[in-house]
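2 protein chains.
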Amino acid sequence: MVSKNQIKLISGLHQKKQRFANQLFFAEGVKVIQELLQSNFELEHLYTTLNDFQTVHASKRTVINEQELKKISALSTPNSCLAVFKIPAEKEIIHSGLILALDDIRDPGNLGTILRLCDWFGIEQIICSKETVDIYNPKVVQATMGSITRVNVSYVDLKLFLAQTKLPVFGTFMDGENIYQSKLPQDGIIIMGNEANGISEEIEKTVTSRLTIPRFGELQKTESLNVATATAIILSEFKRNS
Amino acid sequence: MVSKNQIKLISGLHQKKQRFANQLFFAEGVKVIQELLQSNFELEHLYTTLNDFQTVHASKRTVINEQELKKISALSTPNSCLAVFKIPAEKEIIHSGLILALDDIRDPGNLGTILRLCDWFGIEQIICSKETVDIYNPKVVQATMGSITRVNVSYVDLKLFLAQTKLPVFGTFMDGENIYQSKLPQDGIIIMGNEANGISEEIEKTVTSRLTIPRFGELQKTESLNVATATAIILSEFKRNS
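These protein sequence lines map, in sequence, to chains A and B. Just so we're aligned, residue 36 is where the first sequence starts under the working numbering, counting upward by one. Just so we're aligned, residue 36 is where the second sequence starts under the working numbering, counting upward by one.
Next comes chain A alone, as it looks inside the complex (with noise of 0.2 Å):
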């Protein structure tokens, strides 16, 4: 059985502000919480309906019914359990090898996909813009399919820690060099833009290489790739020769 407070605390934490007055998020889904109770996420309290995770101590485990779990729950469809967990300390930023710069990206999806591809990427590092969407969001942990415990993610102020770094910056433009032709080395840092503006224009300032993705066939009339599917293209060129 939920209590009523539970309920009112699980729903707040659908927002923003009260994951983070609370210090809390939640995870949906068999797979992701595993992951997440494998890793070094500190459990708080985890419901099911199916009466599994037995491994879990009974005060931080309560069995309930769909019902229940469809009051708690983000998605349309419930799967069979939901966990709240604690939001670890951010831990220092990891200023080596691929590093990929988010500016402004919007969309939960996107993003929760973008961690997954720097998962199998062995990308270890994400630096957020403030603006960006939060990675505790639970569209976005629902996304990450578990690579949230894997990659390390940072919000901080992009333009100022661009300004900073001495790594090289790349960013793709429409007018940018030959991905494809390019030598790219195994220590940088890879931005992508908004999904409707691409790169900010302050951002673009701190761009030392400037890359395309060719488009192919004859009418050459797509604008844009989506942003995950660029990153999944850039990181794939970046780590093909490494």
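Treat the hints with care, since some could be wrong.
Note that identical chains are pooled: a pair holds if it fits in a single copy or bridges any two copies.
Taking lysine-lysine pairs in the BS3-like style, the calculated list, with each CA pair at most 25 Å apart, reads [said to hold, decoys possible]:
hint	residue 1	residue 2
1	K39	K105
2	K52	K39
3	K174	K95
4	K95	K105
5	K274	K218
6	K126	K218
7	K274	K256
8	K256	K66
9	K51	K194
10	K52	K121
11	K256	K174
12	K256	K126
Read the hints as simulated data drawn from the structure, not as lab findings.
Chain A is already provided as a structure; the job is to place chain B on it using the hints.
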């Protein structure tokens, strides 16, 4: 003013069955509608809140208010316009060049993003299994960002189609050849599998070349890539040396 019958018709078009029965679909937003108008799609009727699209004949254009748009829109935050188009006759399948085959892609956003990718990489033909989400689903139309006008999409018995083709058939698996080290032709069929289950067993039997997108990093715990980002990496690899 939009009539009750029009509202009923357009609401019906949210469902595949009604789209098929009426041979109509709808698109929302200035950009997508403009691309459809400029291509060979035949307009049935345009509804706009902005008194724009003045080149559309008055008999096919109705200025409506935002409340009316909300009633017919598939979006939680409706754009300024919605247009109903006739579903065009299926074009003949193009049997040369690179062809993308989709084995049961269920998510409309994924199909739309994949279409946009094909447009970018000059892939003219997509073959879909009958279970793949309908290309005229409003969420697919939206996610294509206009690419729907430039890529030929055909729904077929995929198993039969692949059994009869003389082209090489590519699929990605955990145990395939490293895609970065493979010689990739410019004629062939690339199969992408279902979001949860990958390529189905009976389709897997038709694959003549098994490929792998290598994982990087120490942990290598990510189990899979999102199907749209995997498609991005694969198409980029096939095209980069073309």
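TODO: At 25 Å max between alpha carbons, let me know whether K51 reaches K194 within a copy, between copies, both or neither.
DONE: The answer is within: 23 Å in one copy meets 25 Å, while 47 Å across copies does not.
TODO: With 25 Å as the alpha-carbon cut-off, assign the pair K256 and K66 to within, between, both or neither.
DONE: between (40 Å within a copy, 13 Å between copies)
- [ ] Pop the pair K274 and K256 into one bin, within, between, both or neither, using alpha-carbon distances up to 25 Å.
- [x] Result: close only across copies, 17 Å inter versus 28 Å intra.
Open item on the list: Reference check for the pair K52 and K39, CA-CA at most 25 Å: within, between, both, or neither?
Closed with: So K52 and K39 pass the 25 Å test inside one copy only (20 Å; across, 42 Å).
TODO: Please work out whether the CA atoms of K256 and K174 approach to 25 Å or closer within one copy, between two copies, in both situations, or in neither?
DONE: between (32 Å within a copy, 21 Å between copies)
Task: Up to 25 Å CA-CA - K121 versus K52, copy category - done: within (15 Å within a copy, 46 Å between copies)
Task: Intra/inter-copy verdict for K174 and K95 if alpha-carbon distance must be at most 25 Å - done: within (23 Å within a copy, 40 Å between copies)
- [ ] First find the shortest C-alpha distance between K95 and K105 inside one copy, then the shortest across copies, and answer within, between, both or neither for a cut-off of 25 Å.
- [x] within (20 Å within a copy, 44 Å between copies)
Task: Alpha-carbon proximity between K274 and K218, which holds within one copy, between copies, both or neither at 25 Å - done: both (11 Å within a copy, 18 Å between copies)
- [ ] State whether the alpha carbon distance between K256 and K126 is at most 25 Å within one copy, between copies, both, or neither.
- [x] between (43 Å within a copy, 21 Å between copies)
- [ ] Up to 25 Å between alpha-carbons, please classify K39 paired with K105: within, between, both or neither.
- [x] within (14 Å within a copy, 34 Å between copies)
Open item on the list: Cα distance capped at 25 Å. Does K126 pair with K218 within a copy, between copies, both, or neither?
Closed with: This pair counts as neither: shortest intra-copy Cα distance 31 Å, inter-copy 42 Å.
The earlier numbered hint that this structure contradicts is number 6, and it is the only one.
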